[in-house]
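Order-wise, the sequence lines are chains D and Y.
Residue numbers for the first sequence follow the UniProt record's numbering, beginning at 1 and rising by one.
Residue numbers for the second sequence follow the UniProt record's numbering, beginning at 1 and rising by one.
Be aware that one or more of the hints could be misleading.
Covered by chain Y, per the in silico footprint, the following chain D stretches (three or more residues, Cβ under 8 Å) [said to hold, decoys possible]:
#1 56-69
#2 142-152
#3 178-188
#4 340-348
#5 435-445
Since the hints were derived computationally from the structure, they do not count as laboratory data.
Ideal Cβ positions, reconstructed from N, Cα and C, are used throughout, including at glycine.
Protein chains: 2
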Amino acid sequence: MTDPALIETLKSLVEPGKVLTDAESLEAFGKDWTKHFAPAPQAIVFPKSIEQVQAIVRWANEHKVALVPSGGRTGLSAAAVAANGEVVVSFDYMNQILDFNEFDRTVVCQPGVVTEQLQNFAEEQGLYYPVDFASAGSSQIGGNIGTNAGGIKVIRYGMTRNWVAGMKVVTGTGELLELNKDLIKNATGYDMRQLFIGAEGTLGFVVEATMRLDRAPQNLTAMVLGAADFDSIMPVLHAFQNKLDLTAFEFFSDKALAKVMARGDVPPAFETDCPFYALLEFEASTEEVANAALETFEHCVEQGWVLDGVMSQSEQQLQNLWKLREYISETISHWTPYKNDISVTVSKVPAFLHDIDEIVGKHYPDFEIVWFGHIGDGNLHLNILKPESLTKDEFFAKCATVNKWVFEIVQKYNGSISAEHGVGMTKRDYLHYSRSAAEIGYMKAIKAVFDPNGIMNPGKIFAE
Amino acid sequence: MTDPALIETLKSLVEPGKVLTDAESLEAFGKDWTKHFAPAPQAIVFPKSIEQVQAIVRWANEHKVALVPSGGRTGLSAAAVAANGEVVVSFDYMNQILDFNEFDRTVVCQPGVVTEQLQNFAEEQGLYYPVDFASAGSSQIGGNIGTNAGGIKVIRYGMTRNWVAGMKVVTGTGELLELNKDLIKNATGYDMRQLFIGAEGTLGFVVEATMRLDRAPQNLTAMVLGAADFDSIMPVLHAFQNKLDLTAFEFFSDKALAKVMARGDVPPAFETDCPFYALLEFEASTEEVANAALETFEHCVEQGWVLDGVMSQSEQQLQNLWKLREYISETISHWTPYKNDISVTVSKVPAFLHDIDEIVGKHYPDFEIVWFGHIGDGNLHLNILKPESLTKDEFFAKCATVNKWVFEIVQKYNGSISAEHGVGMTKRDYLHYSRSAAEIGYMKAIKAVFDPNGIMNPGKIFAE
């Protein structure tokens, strides 16, 4: 698939050894965490400067070669998969923190800075980078921006979008744009920074980003509550939101908890069995705040919404309570689950979840549905475990039908077919369940503005 | 200028009496708070529904008539001025709050809802709409979105952008788009909602917006501090930000304060004369927070940054301290001031302000410079009072030179020529000081995508 003469011209644009074409590299850098598409790039290139990125993009335009940006490759939608002879542009060698300003609380990052690297840097400054999720140890800032990464603290801190003060991008024509210049207030026309956030590399590549930091949270404290039924979760959320500034409000089902408990390495929160659990977190910055949390808990028990609960009294206990939620995804991966990442507005969550439970239960009573997610922001992770009686192929054939039901219900509730994992290739064909034909038309026209030759991550979000 | 036959066809699209062409209406609805352009629209139309807005836009495309959206007409950049025979589309009859959801904390607003109407509605629900500024009593939500309005609480709550959960827009072709569907998490391609926010009506019209509310702030408390010099303001901001979640951090100069005190209707904060003052606000939700504020104040005095200070002990005192800052703009309007609304990153503010003071003072020693602004977000309002010895024309001729210096210094510090007032027509010719030629080119191309016939508020942000 690789054209040797073409690759030689690419090599001339970067440092020696920074173009790889061996089979192992093509395999490794051609994919993300999804497994549905076979990686087939023709080369991997590792720029070390913005100028080299620009040169690569100009080269790609000249030779009509498609480019795929590559960060930590932890994506779950195949947005960073190169399955069609593309050249992968890896930002692994543009991974430095370039500057820090304590007054502006900003950090200038190259796109290859790993999320955890930024989190740790912030901590060293006595500050906080609040976007956090399971893959923080390998995901990169450029990829976070490309997918507008969310995670477990969105209810308080919002998505990655909220933390991008400014950025430099190289568009599909190789032009360098400096977007927003790190300003808080800037009313000078269209905020194109926002367009590139969540664009999955289809408009251009993020080559530098100034990220904001926040003050460090004080005495983070978690509660795990056992709910009488799913419908009780919503008034519990409401009651706590009226009293506290929550930093997280997660939920998981008894089935999810049972799988985690079966591991044997996490202490139980409490003895009472409940059908659903909520994990909430807040800053117990003063005793008054902690008391308000306890009073609200008691109110929820009196109302019959909550059957039992526990509040962390130490950093260790905080970590242990979080494990009940954070270990779910990895734990259930052994059951080859069908997974879907969807959202609706918070108030619609109970009816939405009920509809999906009902239709799946009716047609496939042997399917075990494991729900968990960021319920404080309406983002549900639907997981269906493969019954032992089915082969993988049989199971995923049935799941294709489930997919259609789920997206129809998403559409019915005016929700999103992808809450935080992006569209990439895995959800491309379902985009019309969430976006109108007119919207998709405008999106394609915007892409043509920034990428007239269609070389920037083509086939992602929508078909070429 | 009005074409009677054409206007008849327009009248057929809306309710009887909802097209005005009398001289008084043309004058009133053809302008905003700027005075630089003579209003000259050919008609004013008042749609009452989204369908009517779509019909008007289709009509405008058919007849190649330019449209200017019109809200509270409180703009300061002439973005809502119709000076060239346009038809003004006023949203005065689309001014209803349509829905409220207590779980999502969202309010569905028609574009003509007045900011204060939304603020009051939120208060009635025990919640809070945090975007606030001098013209909140007449500005409308549609206009706020069009200019991404900021104001006095941005340091804590951000701009209007942060509070738009979703919106319906009519594009320049008359298509209706429902953008983001009020979701918190939605990773389905380009977030076009963000493009329309701050677009000054040049891409389409906002015809409905779902705005988020926040919990009501608790026991808002203000401090006014007298600073030893301007350079001391920044470490004071830094010290307080490290200890408190500030809801505001404003500043003003002794000259600004003197004008307000001369009114005689505001009690002084304290006796000590200082060259600069800071007004900061926070939620004194517990005694511990109030104590942390007092300790920080004492630290600032010990460091020599602060000479005197006062903390509000009552709602009345809070209001009175805010008057010291909020009355400035109206008070100095009697001196026919040259005004400019500019921003840089927070850490650059002292050097930036110094440069402007120096060049203006050197060339025009008789000019009285009055500084105030939202220093916590880097947004400065520069005001120069007209010396009595100069006529208006002489003064504004000299100010044209000042303008150029100011924008050159903005460019030097990588700032924004318009922090929150927008570009409109008044700053259109200076846009290149803040945005590169490439960026302006992309903006024009984006406009062509949504408004191929160039009928949506043409000549605003950039020349046609």
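Taking the hints in turn, this is what the structure says about them:
Chain Y is given as covering the region 56-69 of chain D, and this is violated because 0 residues of the stretch bring a CB closer than 8 Å to a CB of that chain, at least three being needed. As drawn, the region 142-152 of chain D meets chain Y at 3 residues by the rule of a beta-carbon pair under 8 Å; at three or more, the given contact holds. Residue count for the region 178-188 of chain D with a Cβ under 8 Å from a Cβ of chain Y: 10. That meets the three needed, and the coverage hint holds. Counting residues of the region 340-348 of chain D whose beta-carbon sits less than 8 Å from any beta-carbon of chain Y gives 5, enough to reach three: the coverage restraint holds.
Check on the region 435-445 of chain D: 8 of its residues sit with their Cβ under 8 Å from a Cβ of chain Y, so the three-residue criterion for coverage holds.
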